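Chemist: All chains, please: the whole structure from these sequences, using the hints.
From first to last, the protein sequence lines stand for chains A and B.
Numbering follows my numbering, with no gaps: position 23 of the first sequence is 23.
Numbering follows my numbering, with no gaps: position 116 of the second sequence is 116.
By construction, these hints were calculated from the structure, which means they are not laboratory data.
None of these values were measured; they are calculated from a predicted model.
Don't be surprised by glycine CBs; every beta carbon is placed ideally from N, CA and C.
Just to be clear, a hint being listed does not mean it is correct.
As the list claims (entries may be wrong) - Partial selection, computed: residues in chain B whose CB lies under 10 Å from chain A:
hint : residue
1    : A162
2    : P174
3    : L253
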Amino acid sequence: MSSSVLSDGPILELRGVVKRFGSGLEALAGIDLSVARGEFLSLLGPSGCGKSTLLRVIAGLTRPSAGSSRLAVDHAPGRIGFVFQDPTLMPWSTVTNNVLLPFRIARHSGAKARAKERDRALAAVRAIGLAGFEDAYPHQLSGGMRMRVSIARALVTDPDLLLLDEPFAALDEITRMALNDDLLRLWERHRPTILFVTHSVFESVYLSTRIAVMSARPGRVAADLKVELPQPRDRATRTSADYAAMCDAVSATLAQAMRA
Amino acid sequence: MNRQGTRLGMRILAPLVVGAAFLALWEAAARISGVPVYILPAPSAIAQSLWVDGPSLLGSLLVTLRITLAALAAAAIVGGLIALVFSLSRIVEISFFPYAVILQVTPIVAIAPLIIIWVHTPFLALLTCAWIVAFFPIVSNTTVGLNSADRNLLALFRLYGASPWQVLWFLRVPTALPYFLAGLRISGGLALIGAVVAEFVAGTGGAETGLAYRILEAGYRLAIPRLFAALFLLSLTGIAIYLVLDFISRRLLRHWHESASAEEED
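Modeler: If you want it as structure tokens, here you go:
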């Protein structure tokens with residue numbers, strides 16, 4: 001019975017999640033959210049609305065002060081991937097070794113298993129467009145390439161849930177668009193559930209199947225919108241009238257949420 | 001390449017020109033003023049003494065160098081281990097760090113006589129003195145390094161279920177390496193100073209005499225050119241230790257740390 005719940009029910013269920021910090025600052029004020037398997041959900045909101053905190057609660061990196069966060073994934077490490085705003089790479093390790101980190105920590109024994117893990121890491125590096133840079137060190141890479149390494153590391157364990165915390169905020173527009181497309185292709189191929197934190201309306205509409213608009217501090221879900229644009233999304237999407245209309249609607253909702 | 005070559009050339013040439021000009025001035029001043037050689041010998045007299053007394057001075061240098069390097073090795077190992085213990089337990093760090101500071105700020109000249117009374121083997125006594133001077137920069141630097149692991153990387157390690165040992169070995173130790181190496185470079189010079197101070201206090205200390213004692217002895221005998229020659233060798237040794245440690249540090253960090261790659265980039 002529990003296995004059917006695991007496969008059919010929502011992958012993530014948040015009920016009244018509140019987060020208060022020791023300083024008395026209230027970051028999240030009662031978040032209710034249910035995420036279905038395979039969804040691409042963007043959390044859209046102004047800076048300081050608690051989006052990042054929410055992601056950390058979901059990942060189990062911080063406890064909520066009240067409410068519950070239920071994840072229907074295996075508790076085995078590697079079922080959740082996390083991409084931070086900074087690439088967060090180990091500067092002393094090559095690209096491949098950075099991507100191998102989740103496996104190294106899991107410490108599977110046996111030469112055969114290790115060889116297989118290495119193959120998977122190399123495949124992940126190439127899938128994100130870094131072929132030829134397998135043995136490069138992070139300081140030799142551009143900001144966009146470092147972020148690609150970070151994404152490859154998050155995906156190498158083939159996670160059920162991928163959490164991205166404003167991963168492209170520090171990148172230039174051109175790199176950002178390229179990475180948007182690459183992320184979409186990876187999502188189409190493996191269909192992990194993705195929670196994507198952003199403060200860009202255009203990015204959220206282009207990427208997601210659903211957008212949760214959050215209000216300013218303390219964070220609440222002010223609106224929950226479905227994005228009905230056709231899949232797969234590509235350059236034509238960005239210039240379509242439907243895309244423009246949706247961006248307009250989301251902007252209006254966001255403006256309303258910030259006033260409230 | 002060409003501009004870089006010029007710059008490298010300048011970096012070596014410019015100080016050499018300054019040094020040569022200084023020596024020429026010194027030589028001229030010593031000759032013209034007629035200051036007696038037992039007060040200020042001319043560079044030529046020092047060079048001559050270096051040539052004549054060189055072999056015996058080198059023997060003494062070897063004695064001092066052995067103590068210095070042994071003290072530096074002990075400082076690196078013990079200092080690194082102390083830092084490791086400090087980083088594993090905050091309460092241990094709070095309890096013991098002040099005493100490391102006390103040991104550091106107490107002048108070694110003041111405690112050296114005690115150590116020489118307490119430790120009977122001369123080599124070990126000198127080694128202990130040099131070690132006390134040298135270990136602190138390594139402890140304090142490495143402790144900071146072990147505690148400066150990136151917060152997000154720590155979160156990531158937690159997410160993937162890393163054990164405390166994995167966090168230490170894969171994350172904290174590599175993070176601390178540049179800090180440790182910076183401490184080591186400071187300690188290299190300090191170990192030499194510690195060895196020299198200890199020799200000054202200990203005197204001859206057995207059959208073998210170190211370079212510091214030769215300086216004292218030359219002073220007593222008013223063999224001032226020899227004193228300068230010994231001093232020159234001592235400075236050269238200090239520079240050599242620094243250069244070797246700097247080279248090791250660059251080799252170890254060349255792939256990833258700013259301190260080792262800054263020169264290549266511009």
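Chemist: With reference to the structure, classify each hint as holding or not holding.
Modeler: For each hint, the structure was consulted:
1. A162: Constraint on A162/B satisfied, holds at 5 Å.
2. P174: holds (5 Å)
3. L253: holds (8 Å)
Consistency with the previously given hints is maintained throughout, with no hint failing.
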